[in-house]
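Generate the whole structure from the sequences, applying the supplied hints.
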Amino acid sequence: MALIPLFIRDRYIVESFIPIVLVYVIYSSSWNLLAYSGQASLGHAAFLGIGGFASALLSSERYWHISPWFCMFLGSAIASGIGFLIGLTCVRLREWFLAMVTFGFAVIAQTVTTALDKSIGGILGFPPEPLVSSPIQLYYVILALTGASVFFIYLIMKSKIGLAFNAIRENEVEAKMMGVNTTKYKLLAFVISTFFAGLAGVLQSQQAAFIDVEVYKAENSFTPLVMSIIGGLGSIEGPIIGSVTIRFIDELLYGVPVIKWIINGVFLVSVVIFLPKGISSLIRKALKRK
Amino acid sequence: MSSVSLFLGALISGVTIGCIYVLLASGLNLIFGVMELVNFAHGQLLMLGAYVCYWISTLLGLNPYIAILVAMAIVPLVGIAVERLCFRPVLGTGKLNEIFVSLGLINIFTYAVVLAWGYNVKIVTSPFDKLSVSVGVISIEFDRIMVIIIVALILVALFVLINKTKIGRAMRATSQNKEAAMLMGININNIYLVSFALGSALAATGGALYAIIYNLHPFMGELITIKAFAIIILGGLGSIRGAVAGGLLFGLAESLAGSFLSPIWEGAVAFAVLIGVLVIRPTGIFGEKGR
Numbered sequence: 000m001a002l003i004p005l006f007i008r009d010r011y012i013v014e015s016f017i018p019i020v021l022v023y024v025i026y027s028s029s030w031n032l033l034a035y036s037g038q039a040s041l042g043h044a045a046f047l048g049i050g051g052f053a054s055a056l057l058s059s060e061r062y063w064h065i066s067p068w069f070c071m072f073l074g075s076a077i078a079s080g081i082g083f084l085i086g087l088t089c090v091r092l093r094e095w096f097l098a099m100v101t102f103g104f105a106v107i108a109q110t111v112t113t114a115l116d117k118s119i120g121g122i123l124g125f126p127p128e129p130l131v132s133s134p135i136q137l138y139y140v141i142l143a144l145t146g147a148s149v150f151f152i153y154l155i156m157k158s159k160i161g162l163a164f165n166a167i168r169e170n171e172v173e174a175k176m177m178g179v180n181t182t183k184y185k186l187l188a189f190v191i192s193t194f195f196a197g198l199a200g201v202l203q204s205q206q207a208a209f210i211d212v213e214v215y216k217a218e219n220s221f222t223p224l225v226m227s228i229i230g231g232l233g234s235i236e237g238p239i240i241g242s243v244t245i246r247f248i249d250e251l252l253y254g255v256p257v258i259k260w261i262i263n264g265v266f267l268v269s270v271v272i273f274l275p276k277g278i279s280s281l282i283r284k285a286l287k288r289k
Numbered sequence: 000m001s002s003v004s005l006f007l008g009a010l011i012s013g014v015t016i017g018c019i020y021v022l023l024a025s026g027l028n029l030i031f032g033v034m035e036l037v038n039f040a041h042g043q044l045l046m047l048g049a050y051v052c053y054w055i056s057t058l059l060g061l062n063p064y065i066a067i068l069v070a071m072a073i074v075p076l077v078g079i080a081v082e083r084l085c086f087r088p089v090l091g092t093g094k095l096n097e098i099f100v101s102l103g104l105i106n107i108f109t110y111a112v113v114l115a116w117g118y119n120v121k122i123v124t125s126p127f128d129k130l131s132v133s134v135g136v137i138s139i140e141f142d143r144i145m146v147i148i149i150v151a152l153i154l155v156a157l158f159v160l161i162n163k164t165k166i167g168r169a170m171r172a173t174s175q176n177k178e179a180a181m182l183m184g185i186n187i188n189n190i191y192l193v194s195f196a197l198g199s200a201l202a203a204t205g206g207a208l209y210a211i212i213y214n215l216h217p218f219m220g221e222l223i224t225i226k227a228f229a230i231i232i233l234g235g236l237g238s239i240r241g242a243v244a245g246g247l248l249f250g251l252a253e254s255l256a257g258s259f260l261s262p263i264w265e266g267a268v269a270f271a272v273l274i275g276v277l278v279i280r281p282t283g284i285f286g287e288k289g290r
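Chains as they are written, first to last, in numbering that gives the first Met the number 0: chain E, 0 to 289; chain X, 0 to 290.
Everything labelled a hint here was simulated from the structure, so no lab data went into it.
Every value quoted in this text rests on a predicted model; they were computed, and no experiment measured them.
One or more hints might be untrue.
Rough simulated footprint, nothing fancy, chain X against chain E, three-plus residues with beta-carbon under 8 Å [to be verified]: (1) 34-43; (2) 94-102; (3) 251-261.
Ideal Cβ positions, reconstructed from N, Cα and C, are used throughout, including at glycine.
So, in structure tokens, the structure goes:
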């Protein structure tokens, strides 16, 4: 991946297509980690937006003008802190209530950002302070952060924490009986997941050199879900495969958004029914046979 | 206009929109009560009902109130297909899968309608468009009276069906205990199908009535589904009485609040109330007992 810019001269691929896929890899991996603990968020765009806006505002000249590098972590941490607060409510809820609350939170975040437009400027949108000076540098920054994030999430999923998430997802009552503090672990999943969603928001605004209130739209909340499920729910490679697949479909059907959405829906429904472990389970099977 | 007539006007429009919420929420609750399935794409069935009503009434030049009957016949067929093809295979494999399938269905239905009729807002012209009845200080549009009468009749029929007929008894038995119902010789697969078709018919009626009073567009199902969810969470999951009371109250509150709150807060306020209630009572106000 690091060598791609040396060989491919097409600016669109290097400066736009691959970085966008990489940001989606972080974003859908963060969603996938939360789903790994049995909690499906329908409002992850809230944290994407909070991370992006917080870092853009803190680093802007209008406010504190803090270094964009530090703001990147600050923005993610703020998203994570708000994720903690929402998590406090969500960990006690049944699946569909959790879905509604997270979805609703994205709507609330959007409404509040719109209402505070005088101090945020989110309706018209604005460019955040750039992290680095050239798109190629940004490519390597995003690549490195994606690698680090995926590796970190992988470590969590393979650790004792991941085991607890898995146990909670399979059967919460049983996990509780085995002595797992389910509330603590579910809250932990929220905190970690929303941190990376916030990071994805920062990188997305850097890549686009723009952020506005559209970041909260429902489409952004559903995309990581579709990517994770199609790639393979609960596996580390699932969100990666899913991000690449969905981005390719998006590119192919760029001119016909209506058809794109219908195919997206059919794809999602058929994967859930016929291939519950996603494309990654097919690849694993093929590798085993060899 | 005096403040009394303003208040009464808001009251009437609150009851009308509340009636439509009642249809949607009671259908959702019926399906949940029997199947323990939460269908997030329920609002898209409402949207389909509105479009069938529009389509039949403009294509054949039919009275839209008669077109409602067509919508009530066609949309349950779609509902049955959805239940058999999409929900049946994932039923019992985890609540998350059911949520994912219904999200996929939202996209499929919404954009299939966009493909057929485009993004534009459509209008169904009612034969009683200009008619209104004056009662005391206010005049009430005749269409709104029709909506209230139709919904009241449907609810009476629904209560009779559930409480007095054999199939209603089988539905109640299935919702109480599936294994025991099966042992009593009830084919619960058929009961699922009937419940889903019934819920779809209620949604379709709501959509057609909404189209007659207001207008219709491909995204009309989304915000209204969210409100229906708020209603059933407040009124109690699985309780039809809760859906009726909650729907009317929500419609009234929304209509009365509409006069002094900016419309951009509409969705956010509904959710803030919802989240507030869930913080205090994670199972909703009336809760789910023993589930």
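With a C-beta cutoff of 8 Å, work out whether three or more residues of the region 94-102 of chain E approach chain X closely enough for the coverage to hold. n = 7 at 8 Å, threshold three: holds.
Would you say the region 251-261 of chain E counts as covered by chain X, given the rule of at least 3 residues with C-beta under 8 Å? With 4 residues closer than 8 Å to chain X, the region 251-261 of chain E meets the three-residue bar; holds.
Count the residues of the region 34-43 of chain E whose CB lies closer than 8 Å to any CB of chain X, then report whether that count reaches three. Holds, because 4 residues of the region 34-43 of chain E bring their Cβ atoms closer than 8 Å to Cβ atoms of chain X.
The earlier numbered hints are all upheld by this structure, with none contradicted.
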